[in-house]
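J.: Sequence order for the protein chains is A and B.
Residue numbers for the first sequence follow our numbering, so the first one is 83 and each next one is one higher.
Residue numbers for the second sequence follow our numbering, so the first one is 83 and each next one is one higher.
FYI, nobody ran anything at the bench for these hints, they're computed from the structure.
Model, not experiment: these values are computed from the prediction.
Please note that a few of the clues may not be correct.
Identical copies carry no separate label here, and so any pair may be met within one copy or between two of them.
In silico EDC-like links for lysine to aspartate or glutamate, alpha-carbon gap of 16 Å or less [to be verified]:
id	residue 1	residue 2
1	K219	E450
2	K277	D206
3	K219	D451
4	K679	D459
5	K395	D238
Protein chains: 2
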Amino acid sequence: MKNILLLFLIIFFSANLLSQVVTSPNGNIELLFSLDKKGYPSYSVTYKGRLVIKPSELGVYLKDKESLVFDFQINSFEKREIKESWSPVLGEQSVIENHCNEITFYLINKKTSKKLNIVFRVFDEGIAFRYEFPFDKSVEYFIISDENSEFNLSGDHKAFWIPGDYDSQEYVYNETKISEIDISKLEMENGISLKTIKSQHRVQSPLMMKTGDGLYLNIFEAAVDNYPVMHLDVDVKNFSLTSNLVPDALGNKAYLRTPGETPWRTIMISDDARDIVSSKMILNLNEPCKIADVSFIKPMKYVGIWWEMHVGKSSWDYAGTQSGDNNPVLKPHGRHGATTENAKRYIDFAAKHGFDGVLIEGWNTGWEDWYGNWKDDVFDFLTPYPDFDLEEVNRYAKLKEVKMIMHHETSGSVGNYERHLDRAFNLMKKYDYPAVKSGYVGRIIPRGEYHDGQSMVNHFNFVARRAADYKLMVNSHESSRPTGFHRTYPNYIAAEAARGNEFNAWSNGNPPMHETILPFTRLLGGPMDYTPGIFEIKMNIYNPQKKEQVHTTLAKQLALYVTMYSPLQMAADLPQNYEKYPDAFQFIKDVALDWQKSIYLEAEPGDYITVARKEKNGERWFLGSITDENPRETVIKCDFLSPGKNTWRQFIRMAEMLTGKKTRSIMR
Amino acid sequence: MKNILLLFLIIFFSANLLSQVVTSPNGNIELLFSLDKKGYPSYSVTYKGRLVIKPSELGVYLKDKESLVFDFQINSFEKREIKESWSPVLGEQSVIENHCNEITFYLINKKTSKKLNIVFRVFDEGIAFRYEFPFDKSVEYFIISDENSEFNLSGDHKAFWIPGDYDSQEYVYNETKISEIDISKLEMENGISLKTIKSQHRVQSPLMMKTGDGLYLNIFEAAVDNYPVMHLDVDVKNFSLTSNLVPDALGNKAYLRTPGETPWRTIMISDDARDIVSSKMILNLNEPCKIADVSFIKPMKYVGIWWEMHVGKSSWDYAGTQSGDNNPVLKPHGRHGATTENAKRYIDFAAKHGFDGVLIEGWNTGWEDWYGNWKDDVFDFLTPYPDFDLEEVNRYAKLKEVKMIMHHETSGSVGNYERHLDRAFNLMKKYDYPAVKSGYVGRIIPRGEYHDGQSMVNHFNFVARRAADYKLMVNSHESSRPTGFHRTYPNYIAAEAARGNEFNAWSNGNPPMHETILPFTRLLGGPMDYTPGIFEIKMNIYNPQKKEQVHTTLAKQLALYVTMYSPLQMAADLPQNYEKYPDAFQFIKDVALDWQKSIYLEAEPGDYITVARKEKNGERWFLGSITDENPRETVIKCDFLSPGKNTWRQFIRMAEMLTGKKTRSIMR
């Protein structure tokens, strides 16, 4: 009798726990989690009853330890609803709602008794899951050799993808079917100097897709900290994606401890593309702000000594290709951009037009042999070139009430940067720099590490945290792409981490559709320092030999200030080019950087995007609308405007400015 | 006629340059350099007409470039005599003579036109050579994949060797024939926790040898900076040694640039063993002091909270094996050594007996899970444990006129240390710590690097240089072994980098011959913080279960202060043990740390060593004499004493104190 009862209990228990369904608050999305006979955990997802993610396995392989992949049983599970709202320090909207249903499965391995929790959150616009490793004294420290997170797609969707390069995301997007993803067929003369591609069928996330029947799908991750970036291996026959974690020098993926967890893996789903671009799921999956006093975090509109180097008018280096170490007395070539005089010119320009800041690149010694040598001790982040009077430039900036933006190019020599970081930040504090733009162009040192590996993710986050100690803001270039960490450290104000406007100056450039895709991919993780505002789009004006041009219209360059959300925005072009177009330039001067409200009015990845935003602490609305290479006409319903507060006249004036030859917005 | 003349010239030129001989100033050593028909460079060495190094190849393999190994011709050569003297900041003697004949061979590769210089220096006590890479714009940055420096011995010599472990030198010495070197036969239960041995027939340098006919031979290196440590691969059949450079995470050996050079490879030779231990060749091959103001570099005699942890009376950690991160509120176990109270006890003791400093280990948070976890963020070097009042301890030390010695254990997490270094040094300056003892116990992070690799060599030297900026002295433990870098940065006052006295407390310990070998090996590169002065040699006094003991006599512990040169000397035992033997302790209190003159009176590796030293700025002489496990009687001729200045009585009193049961020195 006792045995029979036990058997009954087990059956009941197992039957009850072998699968579970969780639904989104609005009921559109259903997540099914289950264990198969062998104890493999898997999940599937439907949207409005349509299967979007077919049963897909979950699990983690450990190094030198028994893996957490099968033989599981569900010990218990826990459900809760999360419903809260919070206010970002800076953002697209002043209040963000976080509403989802969460379920945690407490798994235990039947053979090893090792525990693994899998947590799901189901939002209206998608689902997220992460692995948790509960405290276990016997495996307090462990190494992840691989993660087995599958995303089995329901069909051969259209995808907007870039190659799964461990060192760069600065690619143009390819728009193909999943079955057509093949890196070996890409043109690789694309201006990217350091490429680390290990597989022909590997892409980066966020991966934006569209199904044949009009669903929009996006696979990404959130809250990546102390973990490598997840790329996606593509099975082009079965339309199945699998997590690929960027390895370290030894081929290991992540060094973790218990209790610990992975980042969130996210799948956004909607039949309306605007739900994807406006989603705050990624931010909601990150930890709340950890900076007590955020008063130093402020939006910034800036100009700088930068584009003139890209177009070849001046150079970062002071003495050409001479090696600083070999020639202690450098011979200036006379084309150095970051001179005291030039800096003052930009400061004057910034002051005259009300910009917050001036960035100066190439101010410090080391540029003579900074790139391509895998050199350890490249920059000291402290020593200005002889023609750049740090003291005087900062005195002048203070006089003109303009803030200077520091520049720290590391050349990928990260150990060297960390060795100098306190000194470099102290120098910034001495002169009252509020922000630093950092750069990571080149192969990483410690050698063997990649830009997207765990140690580099940790480095980027470490710099943000240490900068917070100093009350400094960070804008990283060539970092791993953000995944919402700026919710936790909002002083990490922006990043590049995608193909920016600069590529238009000296490579095959960015096709017109590029900026219609970024809001569906790169921008989901955080603001991008895209450096728009190029008015002089033809490079042959600087040099008759140069055939490059920005693939844009002037109107589109303006619209980007609205469509590409960032609280840090550069007016990237040269002062003289702005002075030629005072009307258009006025828009850059006027546009807000921090928003009370953002309304994505229309959006289609690869085609167009239109967004209206209302400034924080003001009544002004701004509308940005861009298209790809195809002209289009669109009708915008302006019922979002508050009668009596927003004048039509004012709004239409801006809208006119935003409309270019290709896009024409009509107000109703 | 023109052709004939040309041919003649070539023959003449080649014949003239195919081999060259350089002789030591005293004529005892002859170095022959030659190129064979295929353009392989090689050298051989004779001592008093006896062949000591048979023809041995030289060369360097480059990664992804044509190697610098053969096809050479001698473009030209240059000879000069170096004869100079200099005064070390601290040392065994106040003036050091540097006298040698130097020859530089300017080689050029006949096929590739690449240049390589090989420089030899021939001293009375040995030879040295290095590779120089002249500036070449086309290979300004390059990677060394291997170095081919051979040392072909003339016979199956006796050798004192330790395994070629990339992460540790903390081995006891093996005394075998070259042909008997075999790491696979060693007992590896030796207390060394991290071992990285990649070959059965690889040993470390310095490698001390003795030939069958009574010649002493030592192979080592000098001025290792920006280069990995050189180990030696042993051909046990042909008695040939070849350089083995410690690789980085990618298997590369060294990242260099032109102009650049390797460290010096050294061979000391004499028929008198005393010439080896007293040689200043290694120091002479290093660069002169680069610190302008050396006034902060002072010898130090210190006690500390340290041995009590080794013997198990107290612990470094405050809360046992609890994980600090998992238990933010640590529960103290009550056995923590570094308490405010205990610190004051040591400060009182130091003040009472005239010690310069007090070291306190375990003062800072992080020890709960510091070891064996390959943990990145282990220590912050800033936060004291709750029971250690940093402010109060330092106030008390100042009051008592005792200097505190800081302790920075890194656990091998070097990136983390570098990230905190400025902060840690600033904390030291705030409280006026003059010196830091650093530790590197554990696997290195960046992961994949070894203690002896180029990046770690650079780290150790970087810390010394940065410490010099702060006017701080460094005493590193578990670093790569020194090669005379303390001539250039004399604030790098001492290092461990060999098996210290501590192993006697908790492992199979150090055999009595250990300290008779160290002066022939480890000490050639720089002072060792051996931590002598253990009066209570039986560990069962602390715990009846413990069978360990220091393999010594009390007299020998005293003698080590003289035989093991270091300007930093610890009286390592517990205060209560010193208070039991006030007479013997008086010697530790009296012994000088910095010397005008040192006379090695007798020396035989593995057997005995006797040295007399005269203090700097004083007339006191100290004599230390130790033996191995065998008793011996020796007659010391004291004609080095200055009549009228050194009283016999005074000297004999000390000599009596130094003589133990096994060694008896008789003054004449």
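J.: Hints first: check each against the structure and report whether it holds.
T.: So, going through the hints one by one against the coordinates:
no.: 1; hint: K219 to E450; verdict: between (52 Å within a copy, 13 Å between copies)
no.: 2; hint: K277 to D206; verdict: neither (37 Å within a copy, 54 Å between copies)
no.: 3; hint: K219 to D451; verdict: between (49 Å within a copy, 11 Å between copies)
no.: 4; hint: K679 to D459; verdict: neither (46 Å within a copy, 40 Å between copies)
no.: 5; hint: K395 to D238; verdict: neither (47 Å within a copy, 69 Å between copies)
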